[in-house]
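Given these sequences and hints, build the entire structure.
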Amino acid sequence: DEGLKKYEKMISDDKDAELLKKDKEVIAKYYVMLDEVLQVSRQNRTDEARMIITKNRDNLVAVASKAFEDHLAYNIKLSDEGSAAATSYKKTATIMMIVTSLAVLAVLAFIGITIRKNVMSGVDSIKDGMNKFVETRELNFRISYDKNNEIKEMVDSFNKLVTALENTINDAKRTSGENASVSSELS
Numbered sequence: 001d002e003g004l005k006k007y008e009k010m011i012s013d014d015k016d017a018e019l020l021k022k023d024k025e026v027i028a029k030y031y032v033m034l035d036e037v038l039q040v041s042r043q044n045r046t047d048e049a050r051m052i053i054t055k056n057r058d059n060l061v062a063v064a065s066k067a068f069e070d071h072l073a074y075n076i077k078l079s080d081e082g083s084a085a086a087t088s089y090k091k092t093a094t095i096m097m098i099v100t101s102l103a104v105l106a107v108l109a110f111i112g113i114t115i116r117k118n119v120m121s122g123v124d125s126i127k128d129g130m131n132k133f134v135e136t137r138e139l140n141f142r143i144s145y146d147k148n149n150e151i152k153e154m155v156d157s158f159n160k161l162v163t164a165l166e167n168t169i170n171d172a173k174r175t176s177g178e179n180a181s182v183s184s185e186l187s
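At position 155 of the sequence shown the residue is numbered 155 (the working numbering), and the sequence of numbers has no breaks.
Just so you know, not all the hints are guaranteed correct.
[What the hints assert, rightly or not] Cross-link-like lysine-lysine pairs, in silico, DSS-like; alpha carbons within 27 Å at most:
(1) K160 <-> K117
(2) K29 <-> K15
(3) K55 <-> K9
(4) K90 <-> K117
None of these hints come from the bench; they were simulated from the model.
Below, the structure written as structure tokens:
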């Protein structure tokens with residue numbers, strides 16, 4: 001009885017409840033027979049008690065065995081179905097994890113490529129600007145860069161350097177012109 005009461009908490013569906021009811025009915029029949037045997041036995045009618053046991057034994061054992069075997073077979077069927085469902089869920093979860101991982105890798109690759117492209121375009125812009133400055137030697141040349149990041153800071157530093165160089169050369173020209181003017185006045 002204790003085992004069946006504990007099992008009641010784990011009933012999975014209506015058929016399981018029906019099979020448990022049959023189990024309880026078989027056990028109840030057993031207890032009725034057992035009480036009858038005990039009553040007759042207490043009256044010292046042992047032959048009659050043996051006859052009750054013998055008469056009911058085969059039928060009761062067959063009915064109990066059938067009820068318990070049916071219930072056990074049903075529980076095995078349920079566990080097989082649960083196992084198949086769990087295996088299916090595991091496969092689905094594995095596929096979802098692989099797809100998610102691939103999607104994350106694709107997004108990371110895209111982000112990496114985009115960052116590299118942006119950085120390299122800025123570096124190429126600085127490199128091309130410096131090469132043009134060296135080739136043309138135009139002091140009014142400036143590199144233009146629209147993004148606000150570390151590369152912009154490098155571009156601004158280069159442009160400040162060119163401005164300082166332009167001012168220094170212009171000062172040197174003006175000073176040189178003044179020196180030539182003073183030199184010609186002195187001569």
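- Against the structure, test the hints numbered earlier, and report the numbers of the ones violated in rising order. The structure conflicts with hints 3 and 4, although it agrees with all the remaining ones.
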